[in-house]
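Protein chains in written order, with our numbering: chain A, 1 to 308; chain B, 309 to 512; chain C, 513 to 949; chain D, 950 to 1050.
Where hints are given, some of them may not hold.
[Claimed, not checked] Here are the simulated SDA-like pairs of lysine to any residue, each with C-alpha atoms no more than 20 angstroms apart in a straight line:
(1) C/627 with A/49
(2) C/750 with A/35
(3) B/404 with D/1028
(4) C/750 with A/38
(5) C/617 with A/39
(6) C/780 with C/868
(7) C/617 with A/43
(8) C/617 with C/630
(9) C/627 with C/526
(10) C/780 with C/862
(11) C/750 with A/45
(12) C/627 with C/524
(13) B/404 with D/983
(14) B/404 with D/961
(15) C/617 with C/602
(16) B/404 with D/979
(17) C/627 with C/609
(18) C/750 with C/739
(19) C/617 with A/45
(20) B/404 with B/313
(21) C/617 with A/205
(22) C/617 with A/35
(23) C/780 with A/36
(24) C/750 with A/36
(25) C/617 with C/714
(26) C/617 with A/49
(27) C/750 with C/787
(28) C/617 with C/549
(29) C/617 with C/585
(30) C/627 with A/36
No wet-lab data here; the hints were simulated from the structure. Only a predicted model underlies this, so the values are computations on that prediction, with no experimental measurement involved.
Chain by chain, the residues:
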Amino acid sequence: MIFNELILPVLLVTVVLVVGAYLVAVIDEVIAGALGRPSGAGAWMAPLAQGAWLLNQQANATEAPDWRAWRLAPALYLALAAIGLAVVPFSPTLIATDLVTSVVLWGSVEALATVVIFLHGWSANTLLALIGAYRYVALGLSYILISMFVLIGVALPAESLQFSQVVASQEELWNVIRQPLGLPLFLIVGLGMTFWGPLNLADSRDLAGGTASAVSGPPRLVWNLARAAMLVAFSGAAASAFLGGWLGPWLPGPVWMLLKMLAVLAVLLLIGRLMPRVQPERCVTLMWVVFLPLSFVDLIWAGVEALW
Amino acid sequence: MDYPLIVDVFFVLLAILAVVSGWRVFATDSMVRASFFLLVSFIAVGVIMILLAAEYLGVAMFFMMAVEMMVMAIFMVMFMMNPAGLNPMMMVHQHKFSIAAGAVSFLVLAAVALLAEFPDNPLSADIDPVRSLGNELLGDSMLIFESAGIVLLTTMIGVVVLSSHNGRYGAAEEGSMPPGLVPGGDPAGMPEEEDEGGGHHHCH
Amino acid sequence: MAVSWLQRLAARASVPVFPVRGMHGEEVLYRLALTPGVELVDSPRHASILLVAGGVPPDQYGALRRVHDQLPAPFATLWYRSQPLDELASATRIDDPDVLSGALKAMHHELMCGKRGSSPRLLPDEPPNPWEGLGDDGHGGEGMMGGVPYGRPMAMNMHDDIRDGLTLDSLTVTLGPFLPMLPPGLSVEVTLQGDLIQTWTTRDPPYPIALESVFFQALQGPVPIAELERAMARYHLKHLYFALRLAGLEALALTALRLAFESHSNPKRVATLRRRLVRSGFFGLTTTGQGRLDEETARRVGGVAARAAGLEEDWRSEDEGYRQLGFRPLTQRQGDTGARWRQTLAEVEQSLQLAAQAEQDATHTRHSDGVETPRGTWHRQWPEDQSTLLDDLLPGLEWDEALSTLASLDLVPLSPWSLEEASGAPVAQAIAEERRA
Amino acid sequence: MTLMTLLLLAAALIGIGIYGALSQQSFVMLMMGLELILNGVMLAAVAFWALSGAGAPEGQLLTIVVMAVMAIEMAMGFALVVAVFRTNQADVTEGITELKH
Chain A
1 MIFNELILPV
11 LLVTVVLVVG
21 AYLVAVIDEV
31 IAGALGRPSG
41 AGAWMAPLAQ
51 GAWLLNQQAN
61 ATEAPDWRAW
71 RLAPALYLAL
81 AAIGLAVVPF
91 SPTLIATDLV
101 TSVVLWGSVE
111 ALATVVIFLH
121 GWSANTLLAL
131 IGAYRYVALG
141 LSYILISMFV
151 LIGVALPAES
161 LQFSQVVASQ
171 EELWNVIRQP
181 LGLPLFLIVG
191 LGMTFWGPLN
201 LADSRDLAGG
211 TASAVSGPPR
221 LVWNLARAAM
231 LVAFSGAAAS
241 AFLGGWLGPW
251 LPGPVWMLLK
261 MLAVLAVLLL
271 IGRLMPRVQP
281 ERCVTLMWVV
291 FLPLSFVDLI
301 WAGVEALW
Chain B
309 MDYPLIVDVF
319 FVLLAILAVV
329 SGWRVFATDS
339 MVRASFFLLV
349 SFIAVGVIMI
359 LLAAEYLGVA
369 MFFMMAVEMM
379 VMAIFMVMFM
389 MNPAGLNPMM
399 MVHQHKFSIA
409 AGAVSFLVLA
419 AVALLAEFPD
429 NPLSADIDPV
439 RSLGNELLGD
449 SMLIFESAGI
459 VLLTTMIGVV
469 VLSSHNGRYG
479 AAEEGSMPPG
489 LVPGGDPAGM
499 PEEEDEGGGH
509 HHCH
Chain C
513 MAVSWLQRLA
523 ARASVPVFPV
533 RGMHGEEVLY
543 RLALTPGVEL
553 VDSPRHASIL
563 LVAGGVPPDQ
573 YGALRRVHDQ
583 LPAPFATLWY
593 RSQPLDELAS
603 ATRIDDPDVL
613 SGALKAMHHE
623 LMCGKRGSSP
633 RLLPDEPPNP
643 WEGLGDDGHG
653 GEGMMGGVPY
663 GRPMAMNMHD
673 DIRDGLTLDS
683 LTVTLGPFLP
693 MLPPGLSVEV
703 TLQGDLIQTW
713 TTRDPPYPIA
723 LESVFFQALQ
733 GPVPIAELER
743 AMARYHLKHL
753 YFALRLAGLE
763 ALALTALRLA
773 FESHSNPKRV
783 ATLRRRLVRS
793 GFFGLTTTGQ
803 GRLDEETARR
813 VGGVAARAAG
823 LEEDWRSEDE
833 GYRQLGFRPL
843 TQRQGDTGAR
853 WRQTLAEVEQ
863 SLQLAAQAEQ
873 DATHTRHSDG
883 VETPRGTWHR
893 QWPEDQSTLL
903 DDLLPGLEWD
913 EALSTLASLD
923 LVPLSPWSLE
933 EASGAPVAQA
943 IAEERRA
Chain D
950 MTLMTLLLLA
960 AALIGIGIYG
970 ALSQQSFVML
980 MMGLELILNG
990 VMLAAVAFWA
1000 LSGAGAPEGQ
1010 LLTIVVMAVM
1020 AIEMAMGFAL
1030 VVAVFRTNQA
1040 DVTEGITELK
1050 H
């Protein structure tokens, strides 16, 4: 009883997050190497070596930071990633928490992520971090709406706000085909909530690392880890909302799920390396003028399809 | 209705968190911190709602309040002098009266909670709260729900009109002037040429 | 021992280096960018080695000390063709670019394994301006307004909003001279409202940049056009590397840099690079018609910026050698950031084509009273520092737009020494001395 | 967790909220007080719904309506703050002595 309700879920989430975050770093390293970055320690070793270096580095201070918020923000972001992953089903029974409203919970993880990222930049009390935080809020407020409409779209055919039901509703046809606009829009949300690649408005190069520009040592390691973990959690949500989660022939359900998560991760990381950072103003315009109306279309599509 | 011990323990912790963070909202030096303390208070209440089986409402609370407090924090930074809390801050008026009013209202409400007899009619196990809420929203109470939607739409339009920079009769801040640092003093924190706008001020 | 395997592991990480770009220190950084196992980072907080590349004028030692103290322990400094600060007299100095990357890696290894102590802090760890303790609330102002807590003015909306009517408190900060996103040496005072630039005041001009010696030889007598054009292409490709890296296109940035380091690159590969840039969305997503120069400003800046604004200003069309090769200056019309990059790419391609042609015929320049440098025409007078025009150009732009505009503009003055001469440290010191005088 | 303790918690939140709404000079802080009051109200509504109303769906509906009220309150509040700030450069209640500028 205790094993099934407490230890197993915690174990599941921890293992997937840690292994997943490591794989994110490795895949990213491999992609960067394939695209021509001179590689040093080798893809499998580099993330571990960098982590070890950060553990050996001193955690620095800035002038009058908000210490509690500054130190808590990376941990909170990691916690949000864990909460997000906790509602992702790996099989009809292997779910850390099978909340009835897990799709809405995922939405609130996205909203709270915005808060935490803002807090991380704001609390450092340095200019570049603060600009990163401001910018991220503009992006965050735009992607949350898109995500909401897209997720309502997948909840409609399932007639449920539960991820396990959403997966079960894709028995005949995966949502990626049934609602072709959904997955691309959701991937944009994913890039936004992990501020990865083209949507890296928070920790970008033009801000010398943005919200993380004044962070060093173990807190920076936690922040990097949390970002990768959030990417893993997102890939879990995307795989179960659009790619049929555990459904698939021959292989056992959880294996299918992991394969699909890896595929989503690979796509996101590839986009991250191939596209330039979108200018904030252009980004917000795109979000509100192009992607948000597209998410309406997606929702109407899903509604009509559900009524059919 | 009897809850397991673990639920009671969680409830006590969350209740303390909700009250303490609610109090810290008005006791911290930084406006941004204040809005996030309020968020913590809301989240604690949201978790209590989930404990009470209102799963949708509790989770919706996280969602709504995260966005709302984020916007709040941004407005704080926009309008307040001391967003980072680097300076001590206590901006209150009628302080004693407010404390008394707060205490009295708490006491009255607490008395109601303690003394009134409420029917003991706990949630029956066969109700699916999310489904019942959905059926209510789009069934019997659809009119209320839709009116709320219309009101929100009207609010949006009104808000855009109120806050837009340019109105029918020109720029919104035409002829405006900041208050002085001392009562009746020179306008604070505005460029020199704005002082000419101050002359205009006497006209009305 | 538990700690030691962690340290050994840390020693295998690629070396995070924060480069302080001094005078004429750029060249070695391009080489480091292509070195495996060395990572150039943007923030001193993310580095374990502070690499001071090139001379730093003594009046900027204060800034250098502040950057030095921002590195988290354990860290070390390495001085490349630069005189270490007096307090750090025992710090390692290296003048040979070939051994630099090896030295960096060895230094990181020693730091991690505890064989080398961390560099000492140079400044006392206290707020630059103490708490003032004035007035009712301690910040010296009245109520919540005014005052200078920690010696800095409180953020207040001192400026009229210049964009959308949402007035935020404005914040004035001094940036540079070692901020990696700005040209080396440029230091500015910026007033920001959110991420919108309200005012931009250039405080210190950027360091002069050294050109390859072939440009100097062209002023003495005829030089092979092929050599001149290849040097031109190299300069532009390095400039492009910087901008692409800033835009988050690291892979393409390195492609551009590799092209710059190849002695005989094929113009077709530049065309490929351009196609990849267009496909990645570089022109569509990161440059959105900002930073447009009017005709007069464009003429003042000269070079690529002028031609991108539609001015056919090119000394090469005066030269018979070039005319023989059928040279015609390329131009763009818009004169904004995107146009400057299209122009740069087109010119690199043109330069490589001209070089290939000129190599066959062994064409030389004819005139030696002027030369077209990558920075503009050098005829009777040098292309001078134009960084003050940023003061008018950048206000009203968001931070990201401002920096991409800045990256697309080449405003730095030209050094009177060639790259080969200037890399000798005494010269860098001499420039520093001259600057101070 | 009984109805009584839940209502006590709600009362505490409402009390703090009333204190905040009455005492704060800054508009935005004042609105935070109002939000805290509504927080208590929502908690009380859900508590009644779960423990006293036998899960009557109107209880949840009431909470949804309060959430909508909160959104409206905040949006209108901020719009008014922006408008007042534009005309009077004031962000505290004492800053506006008359309703015209």
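Quiz item: Among the hints numbered above, which are violated by the structure, and what are their numbers in rising order?
Solution: Violated: hints 3, 11, 17, 20, 21, 22, 25, 30.
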